[in-house]
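Asks: From first to last, the protein sequence lines stand for chains A and B. For the first sequence, my numbering begins at 46 and goes up steadily by one. For the second sequence, my numbering begins at 2 and goes up steadily by one.
It is worth saying that the hints were derived from the structure and are not from the lab. Check the hints yourself; a few may be wrong.
Said to hold, decoys possible - DSS-like mimics (lysine-lysine), calculated; alpha carbons at most 27 Å apart, straight line:
#1 B:K9 with A:K119
#2 B:K9 with A:K106
#3 A:K113 with B:K57
#4 A:K119 with A:K101
#5 B:K320 with B:K95
#6 B:K320 with B:K388
Computed from a predicted model, the values in this text were never measured in an experiment.
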Amino acid sequence: MAKVNVKVCLGTTCFVMGSSNLQELLDLVPKKYGEDVEVAGSPCLGLCSIDWEFSKAPYVKVNDEVIKEATVEKVLAAIDKELKA
Amino acid sequence: MAINTPNKQTSHIKREILARIIRAYLGDNFEEEVRMIPFEMRPKGSEVPYRCCIHKERAILRDRVIAGLGFDIEEVPDYEDLSSTAKKSTKREKPEEHPLTLLQTACNECVPARIHVTDLCQGCVARPCESACKFGAIKVENGKSRIDQTKCKSCGLCAQVCPFQAITKIIVPCENACPVGAIAKDEDGLTKIDHEKCISCGKCVSACPFGAVHKKSQIIDIIKNIKNGKKVIAMLAPAIMGQLPCTPAQLKQAILDIGFCDVVEVALGADITTKNEAAEFEERMEKGEEFMTTSCCAAYNELVEKHIPEIKPFRSDTKTPAYYTAELVKKEQPDALTVFFSPCVAKRREAMQNPNIDFVLSFEELGAWFVARNIQVANCEKSEFKKESSAQARNFAVTGGVADAVNSLLDENKKAKAHVINGLDKQAIRDLKKFAKNGKCELGNLIEVMACPGGCLGGSNTINSYRQALKQLSGYVENSPEIKEIIQ
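Full structure from sequences and hints, please.
Replies: If you want it as structure tokens, here you go:
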């Protein structure tokens, strides 16, 4: 099975708009899913500057899916969905 | 007490508004763009995530913009167009005195605080609530306990003894968080801040789940001076080194990039504070004094002035790191303006009373500024600080850090026994009053007071979560020189 890939954007905009609170995912995800999911902080994914979409930050990518206004809960739900797919 | 768990949604809204105001001010059409902020954030047909209708959402956003522009929300007439308010903000000579303002339209009119018997009450035979109540305020009627609110003193004993946990205390979050009773609902149900009592600790800002307590921003005043070509110098409180995803040298460059002409660490002043405070402690102990308290937390200093004047003789006369830093900067560059970068609201009051500190910018506001300018701090070049500060000074932001710094300069046989007050709450204030009254403290002879749990890293205007911020700051501290190498 292919690994699920999670990228938490730690660019400045995402960080200020809330991804500082998503850093717990970096500890939480490996504990919860082990080898099946790969999670890492990422430099700016460039999503905030498309049409100045900073108000939808923080962004997280779970495989190809972009999660806007990401929260820990939203990201975990998206991972579960990918694992089932 | 929870450390620095910012309400994510309210912080998000406040920061978005700040970023929009800053971007508007840096553009060519400030007044009109400000007027449009509520409409851009809630355009026609958009979702109504929090309130009854889109009009109330916009009305609340409008009020938040007023605070972002630096005004008291209550004092701006409700018929005033935001573009006029924006214009006024650029004409203002001085920022407003009191840092906090209340947003009545966002205030939820929480139920007044009281003890409440829930449906879980079984009307039991033992009735411990009746016997526990010293005021005869609770009686079982028709198989259920009832509280006579005219007699109830809200002591909560009945709730403690109920075997079903059926009695609960309804709290108003801001009132409950305020350690000095400065915020309360009046007879008309309107929340008011009593500025005579308020110590600007910012606990109400963090506590309100509706984000109804705002700080009045000085961001327009600061950017205006930069735009006008003034020399503006940034003074960074030590807690900032844990706030953004970059190194201290990159952060310095990022701050130069947004228009500041120089950037200094307030840790410079913290080294002077440590030296003076250690000498003062030694002298006081030699004179036979029982204890001394620190004096670097602005909310604690305001608490002493307004509520515990009797502890003044025990408080160190040493000035704050911000004081010494600003003095150094103004001595070297008297024509420059100084901006203190702050993790909390309380420093606003300190700055107001110090002619060497012209403005205060919160970490949140700095973050919003970077967002508005689309600056990636992690991509910035490195710009090293001209003067080195010690590990101890850079660790002032962490609870226990000030006492540790003082101890690092004291001889082995003269070390202080530190008692750390990690967060000012009602109990801590009672303790401090007791120490002052008795003239001694059994728990130690150096009392470090930090209004925020965790120290400045737990301040109400911080960006990063406490644990991550601590990790980042500790990395910086570990690579800094010992204090004895810095001061002579």
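Asks: Each hint should be assessed against the structure and marked as holding or not.
Replies: Right, here's what the structure says about each hint:
{"no.": "1", "hint": "B:K9 with A:K119", "result": "holds (14 Å)"}
{"no.": "2", "hint": "B:K9 with A:K106", "result": "holds (20 Å)"}
{"no.": "3", "hint": "A:K113 with B:K57", "result": "holds (25 Å)"}
{"no.": "4", "hint": "A:K119 with A:K101", "result": "holds (14 Å)"}
{"no.": "5", "hint": "B:K320 with B:K95", "result": "holds (25 Å)"}
{"no.": "6", "hint": "B:K320 with B:K388", "result": "holds (20 Å)"}
Hint violations for this structure: none, all hints satisfied.
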